[in-house]
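Which chain is which? The protein sequence lines are D and E, in order. Residue numbering for the first sequence is 0 to 187, as defined by numbering that gives the first Met the number 0. Residue numbering for the second sequence is 0 to 187, as defined by numbering that gives the first Met the number 0.
FYI, nobody ran anything at the bench for these hints, they're computed from the structure. Be aware that a few hints might be false.
No distinction is drawn between identical chains; accordingly, a pair holds when it is met within one copy or between any pair of copies.
Said to hold, decoys possible - Straight line, CA to CA, 25 Å or less: simulated SDA-like cross-link-like pairs of lysine to any residue:
1. K118 - T80
2. K56 - E164
3. K118 - D100
4. K130 - Y18
5. K20 - R129
6. K118 - A187
7. K56 - V123
Protein chains: 2
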Amino acid sequence: MADTIKREIHLALIHYPVYNKVGEVVTSSVTTLDIHDISRVARTYAVSSFCVVTPLKKQQQLVERLIEHWMTGYGAEYNPTRKEALLITRVMNNFTEMVRDLTEQYEKKPVIVATSAKKFPKSVSFQYLRKEIKREEPVLLLFGTGWGLEKSILTEADYVLDPVEGVGEYNHLPVRAAIAIILDRLVA
Amino acid sequence: MADTIKREIHLALIHYPVYNKVGEVVTSSVTTLDIHDISRVARTYAVSSFCVVTPLKKQQQLVERLIEHWMTGYGAEYNPTRKEALLITRVMNNFTEMVRDLTEQYEKKPVIVATSAKKFPKSVSFQYLRKEIKREEPVLLLFGTGWGLEKSILTEADYVLDPVEGVGEYNHLPVRAAIAIILDRLVA
Chain D
0 MADTIKREIH LALIHYPVYN KVGEVVTSSV TTLDIHDISR VARTYAVSSF
50 CVVTPLKKQQ QLVERLIEHW MTGYGAEYNP TRKEALLITR VMNNFTEMVR
100 DLTEQYEKKP VIVATSAKKF PKSVSFQYLR KEIKREEPVL LLFGTGWGLE
150 KSILTEADYV LDPVEGVGEY NHLPVRAAIA IILDRLVA
Chain E
0 MADTIKREIH LALIHYPVYN KVGEVVTSSV TTLDIHDISR VARTYAVSSF
50 CVVTPLKKQQ QLVERLIEHW MTGYGAEYNP TRKEALLITR VMNNFTEMVR
100 DLTEQYEKKP VIVATSAKKF PKSVSFQYLR KEIKREEPVL LLFGTGWGLE
150 KSILTEADYV LDPVEGVGEY NHLPVRAAIA IILDRLVA
């Protein structure tokens, strides 16, 4: 389903500020499997960059070491498709830094789209965002770990994307699965 | 997007016979995260059962202990959405046992659909299979771990589903992501 539209989609996996199980704002832990899975999915859908966002230095170092391991030496040789996936992966301190970085890169602010398992007054449909992406504006898609993105991020975003609905009431997808489904709906 | 069609979709995650990196037929290891992720995704799309298929007794016990932990006592209380997801999860020795079990349940053989990252002469499109599912026949979707399902399973299946194509040439989705995307395309 490849086509010639030059999409510029950037993905951010946010570890702060997110909610925990009881609704407190916390910094969630980085999961290495998230990084591998989401890098592969992002690469499959020609995403321009995938950014792991955490303010914790130790966790940033963990991600950097992971990327380095698979990019160079034995890791790269053992698993070249993992290396290729990680080419687009990087780490940042916070959401603001990420937006500033993209704004410098494009000389304009990206369209910021938050995702959520709930619907909001400013939620937009997949179809709407699919068209927006085809206008070739740079788009930054934000995904929350833990129990989802804190409301300040939803407020700051230009759009909130409709939740992924399956069949019936159960709606507790792992973030890894939600990202795969959302990219498939938006760009495949 | 819920509707009133009574779908009967069953999922199997096959750990034998699958290929390894160098094309040998092996038994891959069960990954507990696969079980949690796929159970949640399956539950989201109203899949009737999710079966972890492995001939290794120790691995079967691992899966059974995991299910038991989250179904009863502390696990169930701590994380009820995980419990709900695991309600449809079970373990079987092999593919043949799984087919026999479903055949007994429905008093007819399910439509067996293998998945693969490659295209085959008997590959069918997502659209085709979506229609087949709406005919309300029981469908068994087979997913391979490692480097994919061994060819005897592809031969035995009624259909092979077209590979998930993203954008461009890179095509190395984790099985967890592929299952999420495939269910979304088939039943959402």
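Each hint, compared with the structure:
Taking the closest pair of Cα atoms, K118 and T80 come within 25 Å of each other only across two copies (19 Å); inside a single copy the shortest separation is 36 Å, beyond that limit. In this homomeric assembly, K56 and E164 never come within 25 Å of each other (Cα to Cα): the closest approach is 36 Å inside a single copy and 36 Å across copies. Taking the shortest Cα distances, K118 and D100 never come within 25 Å of each other, neither inside one copy (29 Å) nor across copies (40 Å). Within a single copy, K130 and Y18 get their C-alpha atoms no closer than 31 Å, and across copies no closer than 40 Å, so neither meets the 25 Å cut-off.
For the identical chains of this complex, K20 and R129 are neighbours neither inside a copy (31 Å) nor across copies (36 Å), given an alpha-carbon limit of 25 Å. Taking the closest pair of Cα atoms, K118 and A187 come within 25 Å of each other both inside a single copy (23 Å) and across two copies (17 Å). In this homomeric assembly, K56 and V123 never come within 25 Å of each other (Cα to Cα): the closest approach is 35 Å inside a single copy and 48 Å across copies.
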